[in-house]
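Visitor: Each chain, letter by letter, is given below.
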Amino acid sequence: MIRNKRIAAAVFGVAAFCAGAFAVAQAQDAPPTGDAAKGKKIFLTIGCFTCHGRSGQGGAYNGPAPILAHTMLPFDGFKGQIRNPADDMPAFSTAVLSDQDVADIYAFVETLPGAGSAKDHPILNN
Amino acid sequence: MSKRRESGGANRRNFLKGAGLVGAAAAVVPPVAANAMPAAPLEKAKVGLPGPKQVAAETLPPSGDPVNQTSSGGDFMTDVINSLGVEYMFINCASSYRGLHEAIINHGNNKPEIITCVHEDIAVHMAQGYAKMAGKPAAMACHGVVGLQHATMAMYNAWCDRVPVLVFGGNIMEADKRAPGAEWLHSGVDIGQIVREFTKWDDQPASLQHFAESTARAYKIATTAPMGPVFIALDAELQENPIPEGVNLQIPKFSPVVPPQGDPAAIAEAAKMLVNAQNPLIVCDRVARTPAGMANLVALAEALQCGVIDNAGRMNFPSRHPLNQSFRRGLIGQADVILAMEMNDLWGTLTHFSDRIERRSKPAYKKDTKIVTLGTRDLFQKSNYQDFGRWQDVDLDIAGDAEASLPALTEAVKRLTDDGRKAAFADRGQKLAKAHLAMVEQSKTDATIGWDSSPITTARMCAEVYDAIKNEDWSVVGTAIRLNWMHRLWDFNKPYQWNGGSGGAGIGYNLPASLGAALANKKAGRFTVAFGGDGDFMFNPGTLWTAAHHKIPMLYIIHNNRAYHQEYMYLVAMAARHGRGVEKMDIGTTIKDPNIDYATVARGMGVHGEGPITDPKDLAPALQRAVQVVKSGETAVVDVVTDPR
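Top to bottom, those sequences are chains A and B.
Heads up, the first sequence is in my numbering, so the first residue is 1 and it goes up one at a time.
Heads up, the second sequence is in my numbering, so the first residue is 1 and it goes up one at a time.
Hints are not guaranteed to be accurate.
Each computed DSSO-like pair below joins lysine-lysine, with the alpha-carbon atoms no more than 30 Å apart [to be verified]: (1) B:Lys470 with A:Lys41; (2) B:Lys470 with A:Lys119; (3) B:Lys522 with B:Lys494; (4) B:Lys366 with B:Lys434; (5) A:Lys41 with B:Lys592; (6) A:Lys119 with B:Lys431; (7) B:Lys431 with A:Lys40; (8) B:Lys494 with A:Lys40; (9) B:Lys444 with A:Lys40; (10) B:Lys470 with A:Lys40; (11) A:Lys38 with B:Lys494.
For the chain B half of the interface with chain A, some residues (derived, Cβ under 10 Å), not all of them [as the list claims (entries may be wrong)]: (12) Lys111; (13) Glu113; (14) Thr116; (15) Val118; (16) Thr224; (17) Pro226; (18) Trp391; (19) Gln392; (20) Ser454; (21) Arg460; (22) Ala463; (23) Ile481; (24) Ala563; (25) Val572; (26) Glu583.
Since the hints were derived computationally from the structure, they do not count as laboratory data.
Even for Gly, the Cβ is constructed at its ideal location relative to N, Cα and C.
This is chain B alone, in the form it adopts within the complex (with noise of 0.2 Å):
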């Protein structure tokens, strides 16, 4: 690069450079052509004289400098990212990156099609809800300094939630290239420093070479499980200028790695252990990495006939399946062996733990319970930000993919099944079975309580929304804090019909997150479907003109408690605990006063309002033309003013 600038300097800097150098000059010694106009009048003054700079570039000769080129480093970029089969590129538009934005879409013909976001929180939550959908990545582009901190949050979700997501960030390495003012403010000498901390690598090339090798191990790195985000630096340099003659640029060969199965020998032990069980129990969280995975873990847990305990992490296991027991957590403590599957949290959900002010615990399973782990979560790992949980003791610690490991696993566990253990097994089916009938009608129960009050109760609202939408081919893809009616009512049978939560908690993501995976629904031909909080809501409502922008349909309910709901009940037990002032919690944790009238916002964004509905009974008409509406193409928001929980 260094040679390239020495022979050419054919670069726009360099001529802004110059021409600031003339100014500043022209600034001290006032030019003779300013001098020529002493007199003039000053209506004519105001109108615009010309300045110093533009007396200096009228009057000097032409700087020599090339002011066209045939060729550019951002057409190489486009092609090494298409080469990589990324169909999207969600973005805030940012001139450090505007070589290879123009690139995309003259030199790639918008491919891969730009996503136009309001903001690069949007943007990275939208590839992550679409990765999930879609089952590979999506690129983001952004400003790499002042665009890439607006991303950190959605980042840092997709981190937690081990989603791949390929950032892209601009910036200009050589400070000699930069133009004075913002090109300084958003230029830095190590900007994935910003988050290397929650990304799984990162790089600065210095080279369209480089970059190519780099952007290919990038989304190596981001595929191979535990799967991430990953952040690429992109010298504008590189993207805006000619590709250097007697360059040979290659494209990198890219194949996938093979997800690692589990070591033979202890697949073994670990089936021993399951078809020795009195009471062998499932525990998995993110388990489902393709379609494959869903039909994998049916077929474990009908070789065991064992319980599955689903944290719902991705569409691991049909919602209506006889041997679902997420709802009867108490399994666990009834478990003589437990194998936990891809856990995001593994002692959370092996653990009672106490939020008063002894923060005390104890483990839900039983003593000498045997507890196997098979996962990859481990095999990457970083120390700042601790969300890998608490240390966890386990008896077998296997080290694969699970959704490629289990196959291996059941084959294993049905050659040690013989006939009295099929009879034992098939007895406990027969009871699990029964119990998960039963849990089924005791929610069916549950959700009559306050079937006509309101503000309408969030097993109401769950209930229309799933009568509204269980003919088409649904897929629903966001849901608020603490709701779960939709995985107690409806029948979950399809691997795309959920895709877990945000991963770091981080609000904002529902409603991004949620349209990422309405486009890729979309292409599917999938009627796409999500929840979500009005405090959600409002961290990036201008996902709606994203929305209508680009047409994507998807129904948005608004779970609309008026509250940051979870902090207001986190409030009132502080009160309580000091024996003081219960009654004033909901100063700084509701969302009222005025309240928001999101149907008016939706509508402000271009897509449909429909709300906000406080009587159950307005809900199916809402529901029935908010459908139609998706149905024709579009996003449809129904704002519906629900009970808390």
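Just chain A, same shape as in the assembly (with noise of 0.2 Å):
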């Protein structure tokens, strides 16, 4: 019972921080402009191509690492996974990452091209 309850607690928790961030983001003026040449560096320095490839097509840690090539994510949930990931994905602080520098990634990953056709690479259609 005490370890449900502490589940609930913890549900609860993680609910009023996405509501609370949801307002926060709301209220924040625009994105800082990313650098995506710095923003590459970053990518390639810290780790986060361990998971998710250099080229952000996605990969795996404990479990899928999801694809970061051409993402669609907004910069506020991008921003928000890093700081506070949904999942197994380690959180980096603005002590190893200041809002800078996720700007810089999130505008590197812009830059990834996306998925192809399939159809255009042959050996992928046997």
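Both chains are given apart, each in its own frame, so use the hints to dock them into the complex.
Guide: Below is the structure:
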């Protein structure tokens, strides 16, 4: 019972945090302008590539790590996932990753080409 | 045995013991012959004055011990092992089983065929990979103490993988028969204790008849579900000495245990639950024990038109079957009845677990979902190693071999399926087929991301390998951690096209186990291909020498991300959690500076090497060359420098 209460409290806490984060995001100014070149360097230095791949193609950590190439996530969602991820992804605080760093990474992954057509690659259609 | 020794003393160790005593005595009292040469020139002394032992040996009268024999316990042991149909014995040679080794070569005419391995870990892993592909166990032999300790990790993998391996370890049971030095270091009172926590059974036979019966028993226990490795200690005296006169040795008559089917009433209850369910789901791990396993599972899934999530511990279900939903784990949360069969980690499969500061978990299934299990895993467990996983609540727990029980379950399902349910099933099946097709198309699309990148994406690597081997009768027998692009992109539809993973997640499995499977495939004329990480490769690179020496064909692709990459990611997570130094986590986790040239390592072992390949455009030509080498009967290694995952 105690364990169930703890889990319930945790679920409530996460929900409350998400609601709060949403409100904060609404109140925020425009996101900082990112520098894709710097973002690439950070992406490769702090280990983003280890799970998501150098091309942002996705990969795996404890479970699947999502595709980041040409991300469709809005900046606030992207940043929220980095600061307080929904799953096993490491949480990168401002102590190791500034908001500007996040903006740079975001700019970089936006530049990564997303998926092409499998039809352009005959060996994918074996 | 003791009678034999009292009467004869006709053995090597008695002779050595006598020589040793004479030598010790000679050291205390200088022998006459030694005193006779005090003024010998220094130069002559360098080329070797006879020592006290040699002098004693040359001046004492013959001991009278017999020096030849016309029978050997090792010959009988060889006959016993061959009576069980063991085709191969993977070994790293060792004096404590030299009697058996010699007997296999000369009495058995190298039957079972000896496969020379340069490490005991390789030998056991080869036997593990072989057993899964051949459908029967092989033997492995090693020193009972020092060799067995090398073998332990591979035996643990086989234990966790529920794979039968017959491990033999040499020992000298009687202390007075051990020569000074290594024979003491290599002997133990109870050497089976080293591996008892991860073997199904072990024994140390004290007579040849005891050996025969215990070896047959070990084979039976190893091959009875849940399967696993077994260990027999081989007393050197038994192996080496003559078979005592007048002893009537019998080779046991062996008959395998028929795998148990689940209780008929329980099977009927499970069928009722599945037929009445709106969204039944099958999850499985090590269902397919024989080539019939896959067909049996397909029959049940098609009878129900329900989804199958395959954890791929064996070749359970065709990858392109419309009901294959292995990459749609969300279905667990929609199921109202889950049939889980031969699961390695049921709780882990049905649970969301959070690897964060507080390690929380919650079921991935709905609160009212009914869970039915069918399998043999819980019929044999041990307590120390925790490979049994966390407790999982279930509603109906059926003890029985899943493969053997599936036909009865399928028939029961069919009997209960009326026309109304048939229509509902067909509708469900169509939806699942559509989702499966979408999943396959999505995988192909996802594979295009970073298509021309360097390092090469793992998707591109797997697509290129498939293109190179798709027209062969292929069998893929190994993969690196988290590398599942083959199952997303390739058409697995034959029972031998996959054989699962290591079992215990002990690094060093992939290369030797793949070669063991390749040995089984060689006999069947199949084309073996395997993937493995660079970290795994470096645990047992000597495997390649065995591949060359025994001419075992295999295409081995090194997924070379130049790291123990899973650990690299874990370290990033730790640093991020602590808010420090996330950019330094390559320390102790990467394999670079210098980069290892695996193609050169391969060539040094006598097999073909390609790479390192960093440009994806170079992959296809390298693979074509490698495929030709493999088709000529040899092993080829292709070193592909890849993105991490």
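Visitor: Each of the hints needs a verdict: does it hold here or not?
Guide: Okay, the hints, checked on the actual structure:
| no. | hint | verdict |
| --- | --- | --- |
| 1 | B:Lys470 with A:Lys41 | violated (39 Å) |
| 2 | B:Lys470 with A:Lys119 | holds (18 Å) |
| 3 | B:Lys522 with B:Lys494 | holds (16 Å) |
| 4 | B:Lys366 with B:Lys434 | holds (24 Å) |
| 5 | A:Lys41 with B:Lys592 | holds (19 Å) |
| 6 | A:Lys119 with B:Lys431 | holds (25 Å) |
| 7 | B:Lys431 with A:Lys40 | violated (41 Å) |
| 8 | B:Lys494 with A:Lys40 | violated (43 Å) |
| 9 | B:Lys444 with A:Lys40 | holds (26 Å) |
| 10 | B:Lys470 with A:Lys40 | violated (37 Å) |
| 11 | A:Lys38 with B:Lys494 | violated (49 Å) |
| 12 | Lys111 | violated (41 Å) |
| 13 | Glu113 | violated (36 Å) |
| 14 | Thr116 | violated (37 Å) |
| 15 | Val118 | violated (33 Å) |
| 16 | Thr224 | violated (35 Å) |
| 17 | Pro226 | violated (27 Å) |
| 18 | Trp391 | violated (14 Å) |
| 19 | Gln392 | violated (16 Å) |
| 20 | Ser454 | holds (9 Å) |
| 21 | Arg460 | holds (9 Å) |
| 22 | Ala463 | holds (5 Å) |
| 23 | Ile481 | holds (9 Å) |
| 24 | Ala563 | holds (8 Å) |
| 25 | Val572 | holds (4 Å) |
| 26 | Glu583 | holds (5 Å) |
Comparing the model with each earlier hint shows violations of hints 1, 7, 8, 10, 11, 12, 13, 14, 15, 16, 17, 18, 19; every other hint is respected.
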